[in-house]
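**Student:** Sequence:
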Amino acid sequence: MSLLRWLLGRRKKAPKDPTPQIVEKGKREPIHSFESRLSGVDLENPDGSFRQEIIARTEPGAETILVAQMGALKLAAVFLAESGEQLGYLPREVSAKIIREAKGYDYGTRVASIGEPDPETGVRDVTLTIDV
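If you read the sequence shown in numbering that gives the first Met the number 0, its first letter stands for residue 0, the second for the next number, and so on.
There may be inaccurate statements among the hints.
Said to hold, decoys possible - Heads up, simulated DSSO-like pairs for lysine-lysine below, C-alpha to C-alpha not over 27 Å straight-line:
#1 Lys26 to Lys96
#2 Lys26 to Lys102
#3 Lys96 to Lys73
#4 Lys73 to Lys102
If you're looking for bench data, these hints aren't it; they were derived computationally from the structure.
Please take these sequences and the hints and turn them into a complete structure.
**Tutor:** As structure tokens, this is what we get:
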């Protein structure tokens, strides 16, 4: 095969689509469940929305989505599945474990409870249930 034919005959592969794919999964029973309080619930989201306002209108049992944010902190951000609004982050030690061990497991998360507003700060705590 000539060099010219080799160069012209090469086909470029289409780049793989990096966007997350939503896959419908059947009913699964968790092998392990635990709860974790969220961090950063008192912060403002990048879009200007306030997490405490989102939390105030969220009901316990609402399904959430974990998204690994691989910046310097490597945290798992928590978003409401229905609206895509961010509630906060999993604590660093929980995030690190999930990000490190997520391959091969499905994680289902939902709001377990929302605390009453703190009398001094007005901040409500959020606890997630995480099913593995």
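**Student:** Could you run down the list of hints and mark each one as holding or not?
**Tutor:** Each hint tested on the structure:
no.: 1; hint: Lys26 to Lys96; in the structure: 24 Å, holds
no.: 2; hint: Lys26 to Lys102; in the structure: 19 Å, holds
no.: 3; hint: Lys96 to Lys73; in the structure: 11 Å, holds
no.: 4; hint: Lys73 to Lys102; in the structure: 16 Å, holds
Of the hints listed earlier, there is not a single one the structure fails to meet.
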